[in-house]
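Q: Chains as they are written, first to last, in UniProt numbering: chain Y, 1 to 193; chain E, 1 to 612.
I should point out that these hints are in silico values taken from the structure, not numbers from a laboratory.
Don't take each hint at face value.
Label pairs and their calculated CB-CB ranges [said to hold, decoys possible]:
{"id": "1", "chain 1": "Y", "residue 1": "Glu81", "chain 2": "E", "residue 2": "Gln406", "range": "15 to 21 Å"}
{"id": "2", "chain 1": "Y", "residue 1": "Pro167", "chain 2": "E", "residue 2": "Cys210", "range": "49 to 55 Å"}
{"id": "3", "chain 1": "Y", "residue 1": "Ala89", "chain 2": "E", "residue 2": "Ala109", "range": "57 to 63 Å"}
{"id": "4", "chain 1": "Y", "residue 1": "Arg29", "chain 2": "E", "residue 2": "Asp435", "range": "42 to 48 Å"}
{"id": "5", "chain 1": "E", "residue 1": "Asp96", "chain 2": "Y", "residue 2": "Met140", "range": "44 to 50 Å"}
{"id": "6", "chain 1": "Y", "residue 1": "Pro167", "chain 2": "E", "residue 2": "Gln394", "range": "34 to 40 Å"}
{"id": "7", "chain 1": "Y", "residue 1": "Arg22", "chain 2": "E", "residue 2": "Asp435", "range": "53 to 59 Å"}
{"id": "8", "chain 1": "Y", "residue 1": "Val181", "chain 2": "E", "residue 2": "Gln374", "range": "23 to 29 Å"}
Note that CB positions come from ideal geometry on N, CA and C, so glycine has one too.
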Amino acid sequence: MTLVLRLLLLLLAIWLLGKVLRSSAQKLRPATSTLPPLAERIDAILPQTQCGQCGHAGCLPYAQALARGEDSINRCPPGGEDGIRKLAALLHTDYLPFAADAPPQKPKAVALIDEATCIGCTLCIQACPVDAILGSAKQMHTVLADECTGCELCLAPCPVDCISMRPATSQPADWRWGYPVIAIKAVKPGSSS
Amino acid sequence: MSRPSILPAHTDPGSQPLLTTPLPAQLRLWLQGASCCVEVGQRVLKHQLLAEADSEFGVAVHAPTSGHIRAIGPLPQALPDAPLLDGLQLQPDGLDEALSLPAESNWPALSALALAMRLQDMGVMGQHGPLLPLAWAAKASPLALLIINAVENEPFLQADSMLLCEQAAAVAEAMAMLGRILQPARLVLAIQQEQGAAINALRSLAADQCWQLEVIQAPYPAGDEAQLLRALARPEESGNSLCLPVAGVHAAGRAILHGEPCISRIVTVSTALKQSHNMRALLGSPVADLLTCAGLSSQQHALVHGGGLRGFALPDATIGIHQHSHCLLVRPRQPALTAQPCIRCGDCASICPSQLQPQELYWHCSRQELAQAQHWRLADCSQCGLCSAVCPSQLPLLDSFRLASQQLLLAEQQQCAADAARQRHRFRQFRLERDKQEKAQRLAERAAQQAAKLAQQAAEPTSHAEPTATAADKQAAIAAAMARAAERQQQRPAVAPSVNSSEREAAIAANRQAAIEAAMARAAARKAAQEAAKAAAADAPAMAKDEDQNKPGLNQQQQALIQAAMHRANAQKAAASSSPASLDQDKKALIAAAMARAAARKAAGDETEQDK
Numbered sequence: 001m002t003l004v005l006r007l008l009l010l011l012l013a014i015w016l017l018g019k020v021l022r023s024s025a026q027k028l029r030p031a032t033s034t035l036p037p038l039a040e041r042i043d044a045i046l047p048q049t050q051c052g053q054c055g056h057a058g059c060l061p062y063a064q065a066l067a068r069g070e071d072s073i074n075r076c077p078p079g080g081e082d083g084i085r086k087l088a089a090l091l092h093t094d095y096l097p098f099a100a101d102a103p104p105q106k107p108k109a110v111a112l113i114d115e116a117t118c119i120g121c122t123l124c125i126q127a128c129p130v131d132a133i134l135g136s137a138k139q140m141h142t143v144l145a146d147e148c149t150g151c152e153l154c155l156a157p158c159p160v161d162c163i164s165m166r167p168a169t170s171q172p173a174d175w176r177w178g179y180p181v182i183a184i185k186a187v188k189p190g191s192s193s
Numbered sequence: 001m002s003r004p005s006i007l008p009a010h011t012d013p014g015s016q017p018l019l020t021t022p023l024p025a026q027l028r029l030w031l032q033g034a035s036c037c038v039e040v041g042q043r044v045l046k047h048q049l050l051a052e053a054d055s056e057f058g059v060a061v062h063a064p065t066s067g068h069i070r071a072i073g074p075l076p077q078a079l080p081d082a083p084l085l086d087g088l089q090l091q092p093d094g095l096d097e098a099l100s101l102p103a104e105s106n107w108p109a110l111s112a113l114a115l116a117m118r119l120q121d122m123g124v125m126g127q128h129g130p131l132l133p134l135a136w137a138a139k140a141s142p143l144a145l146l147i148i149n150a151v152e153n154e155p156f157l158q159a160d161s162m163l164l165c166e167q168a169a170a171v172a173e174a175m176a177m178l179g180r181i182l183q184p185a186r187l188v189l190a191i192q193q194e195q196g197a198a199i200n201a202l203r204s205l206a207a208d209q210c211w212q213l214e215v216i217q218a219p220y221p222a223g224d225e226a227q228l229l230r231a232l233a234r235p236e237e238s239g240n241s242l243c244l245p246v247a248g249v250h251a252a253g254r255a256i257l258h259g260e261p262c263i264s265r266i267v268t269v270s271t272a273l274k275q276s277h278n279m280r281a282l283l284g285s286p287v288a289d290l291l292t293c294a295g296l297s298s299q300q301h302a303l304v305h306g307g308g309l310r311g312f313a314l315p316d317a318t319i320g321i322h323q324h325s326h327c328l329l330v331r332p333r334q335p336a337l338t339a340q341p342c343i344r345c346g347d348c349a350s351i352c353p354s355q356l357q358p359q360e361l362y363w364h365c366s367r368q369e370l371a372q373a374q375h376w377r378l379a380d381c382s383q384c385g386l387c388s389a390v391c392p393s394q395l396p397l398l399d400s401f402r403l404a405s406q407q408l409l410l411a412e413q414q415q416c417a418a419d420a421a422r423q424r425h426r427f428r429q430f431r432l433e434r435d436k437q438e439k440a441q442r443l444a445e446r447a448a449q450q451a452a453k454l455a456q457q458a459a460e461p462t463s464h465a466e467p468t469a470t471a472a473d474k475q476a477a478i479a480a481a482m483a484r485a486a487e488r489q490q491q492r493p494a495v496a497p498s499v500n501s502s503e504r505e506a507a508i509a510a511n512r513q514a515a516i517e518a519a520m521a522r523a524a525a526r527k528a529a530q531e532a533a534k535a536a537a538a539d540a541p542a543m544a545k546d547e548d549q550n551k552p553g554l555n556q557q558q559q560a561l562i563q564a565a566m567h568r569a570n571a572q573k574a575a576a577s578s579s580p581a582s583l584d585q586d587k588k589a590l591i592a593a594a595m596a597r598a599a600a601r602k603a604a605g606d607e608t609e610q611d612k
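Bound-form chain Y, shown alone (with noise of 0.2 Å):
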C-alpha cells in the first residue's frame, strides 16, 4: 500500500515539476509578437548599400526573399563575412562562404564626380538609391561623400564615363591602431627538449 501511495506521490510530483518548467519556459522565451517581422530584423544587418549585388533591387528585398527561404545569405558582398554570420545567427543557419557567383568583395569607396567632364544629363542622379548625388539638368553634378553608400549604380548610366570611385579610408581620421603584433622566437629544429 505504501509502495503505491510513494509511486502516486512520485507521479504527482512529477507532472507538478513538468507544469511548472512548461510554464517558466513559456514565460522566458522572447514573445514573438514583441519583435518585429523577421524580414526588418534582416534588414537590420544588411549594410543597407542598396547596390543589387545579391541580385535583388535593394536591401529590403533580398531581406524579404531571405525571410521566406527564397535565396542564400552568402549573397552580400559589402555586407563581408560579419554580416553572414550574423545573417546566420539569426536565421539559424549554419555560415556558408561566399557564393562562387557573387562579385567580390572591395574596400568601401564612394563615388567622385569629375566635374570638369561632367555634361550635367542627371541620369546618375536617378540612379543613386540614396539621393547623394546633388545637381540640375546641365549644370555640374556632385556626390554628397558622407551620404554615398559606394553601390556603384552611378558608374553604368553616365554617358562621359566622369564618375570613378575612391578609396574612403584616406582621411586622417580613419586612422586605427594597428593589429597587435606579437613576436615570434624561431626555435631550431631539435634544440627544444
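With chain Y fixed as given, assemble chain E onto it according to the hints.
A: Structure of chain E alone, referenced to chain Y:
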C-alpha cells in the same frame, strides 16, 4: 591599496630646474581641425594666427616664433602607422618678433560660450579639442563641480608638477578667472599625494581663494577623468561636472588675462631608470631637439611618446611635438620581447582598476569576438596599460583592447551610416511613389477637363450646324455621325420588314446629305461621314435584295399552308373512308373551321398586300 607595487615611485621634480629648449631649426605644426590662413614664403610674427579652427573640435594654430612659412603639405603624425596629415613647416628667423595681442580687458563679462570660443581662437586645447567643449558651453547649464586635474596621468610624468612649482601664481589666477566666468558651485584642484613640492607651492595660495585643494591618495590611473570624478564628485554632482587639465587651464589664463596664445608646453623627457628633465618647448619642435637639450641622442635610443604604460613608439625623431605630448620616454634599444601563451596567473585581473578580467577579454579580442568582448565589459576598460605591464607572458593586452574598442566604435559608426542610408533610400522610394501618384492625378484631371469640354461642344453643333465649324465642332460632327450610324444599325433589323423601299432610300439619301453636310468642314469628318455613307450604301442593295426575297417568302408560306390544308383534307378523307358513316356535323364544323382559316389567311394576305 593592496595592488602590487610594480610602478616606480613618483620622483618630485623640485630639485631640477625647468629647461628651455633652444630655438629649433624648423617647426612642424599640424593643421588638424584647422584651415590654413597663411601662404608659403610668407613671413609671420610670433603669436600670429596661422590657421583658424574649422570644426567644433579643432583649435586655432598660432606661430610659436617669427619666421617664414617654408611648406604647407602632408606631414607624418605622431601616431603609429598613421596616414600623413596636412601641416605647415615654419623656419624661425631667430628674431622672435612678437605681435602684440590685446588682453581681454573686460573678461569678467564673458559668457561661458564666449570664453569657450575665445579659447578656441587662442589655440588652448583640452583633452579632446578646445579646453571648454563648445557643445557643453552652448548649453549654459549651471556647473556643479569643476575639477582642475593636476594629477600626473603616467608614472614617469612630471610636467604638471613642474608647471605648478614654477607657475603656481599664474595657475591660481587662471583658476580664479574660470571660477568667476563659469560660476561652478565647487572648484577643486586635484593633486596626487606624491607631488609634494607642488602641494607646498599651492598650499600658501589656496588659503583665501574660491577653490580648494584635494590631495588624491589613489595609485596610478587616478589621473583619468572618470577615476577623478568617481573620487571627488558627490552623487548629486556627478552628472554635472567638468574636468580640465591644469596645463590647459594655465594656458587659458595666459590667453584671456595676458593675450598670449598657446604656443608652448612643458614636456618631460625621461629615461626610465635615470633622471628626467622637464623643459618648456615650443609646439612643433622636433623630438630630436628635445633629446639633444636633455643630453641624449635619438640614434641610440628607442623613443616612446606619451609615457611608459600608454605610450607608443615613435618611428621618426623629426616629428614635432603637439599639445598632447606631455612625455617622451627614452629607452635603450632592446630586442622585442616574445609573447608566450597565457598562463592564467591572474595578475592582470588583480591589478585592473576597473575590476575586469583582462585574460578573458584578451581571448575574445584576439579571436575578434567583439560581442563576447562587450559581454566581458570591454567598454569599461580605461586602457591604462597596467595589465600589459604586469603580464608575465608579455601579451599585447593593451594593444588588443585598443584595437577592439576602436573596431566596436567603427561598427557603431557603420550601423549609424547604414541606418541613415536606409532612411534616405526609403524616403527616395516614398518620394518617387508620391511623384508618380501626383502625375497620375494631374493626368486624370486633365482628361476629365477634356471630356467635359468635348461633351459641351458635342451639344453645340446639333443646335446650329454651321458650315465653317471649329475643330471642336468637327469632332462633335464626327461623333454625331457615328452616333447616327450606330442608331441606324440598331434600327435596321427591327424596321427592315416594315420599311418601304422608297422611304428607306429617301432616308438614306437624307442621311447621306446630312453626313456630307456635317463632313464638309474637315477631312477627318468627311472621312468618317464617307465611311458612314459607304456603310449606308452597302446596306442599301442588301435591303433591296431582302425586298425581292420577300415575295417568294410569302408564296412559300402560302404553299406551306396549302400543303397543311391538303394534309388535313387527306386525313379527313382517310377518316371518312375508315368511318363512312361519319358525323356530318363534324364535317361541317371542320369545313367551317377551314373556311374561317382560309378567310383569315386571305385577310392576312390582303393586309400584307396593302402594306406593300
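Q: For Arg22 of chain Y and Asp435 of chain E, compare the CB-CB distance with the range 53 to 59 Å and indicate the outcome.
A: holds (55 Å)
Q: Falls inside 57 to 63 Å, the C-beta gap from Ala89 of chain Y to Ala109 of chain E?
A: Holds - the Cβ-Cβ distance for Ala89 of chain Y and Ala109 of chain E, about 60 Å, lies within 57 to 63 Å.
Q: Given the hint of 34 to 40 Å, check if Pro167 of chain Y and Gln394 of chain E actually sit that far apart at their C-beta atoms.
A: At roughly 35 Å between Cβ atoms, Gln394 of chain E and Pro167 of chain Y fall inside 34 to 40 Å, so the hint holds.
Q: Mind checking the hinted window 42 to 48 Å against the Cβ distance between Arg29 of chain Y and Asp435 of chain E?
A: For Arg29 of chain Y and Asp435 of chain E the Cβ distance comes to about 45 Å; the hint holds.
Q: Please check whether Glu81 of chain Y and Gln406 of chain E have a Cβ separation lying inside 15 to 21 Å.
A: Hint holds: Cβ distance 19 Å, inside 15 to 21 Å.
Q: Just to be sure I understand the hint, the distance between the Cβ atoms of Pro167 of chain Y and Cys210 of chain E should be within 49 to 55 Å; is that true here?
A: The hinted range 49 to 55 Å holds for Pro167 of chain Y and Cys210 of chain E, with Cβ atoms some 53 Å apart.
Q: Between Asp96 of chain E and Met140 of chain Y, does the beta-carbon spacing fit 44 to 50 Å?
A: holds (48 Å)
Q: Check the following: the C-beta atoms of Val181 of chain Y and Gln374 of chain E are separated by a distance inside 23 to 29 Å.
A: Once the Cβ atoms are compared, 24 Å apart, the range 23 to 29 Å for Gln374 of chain E and Val181 of chain Y holds.
Consistency with the previously given hints is maintained throughout, with no hint failing.
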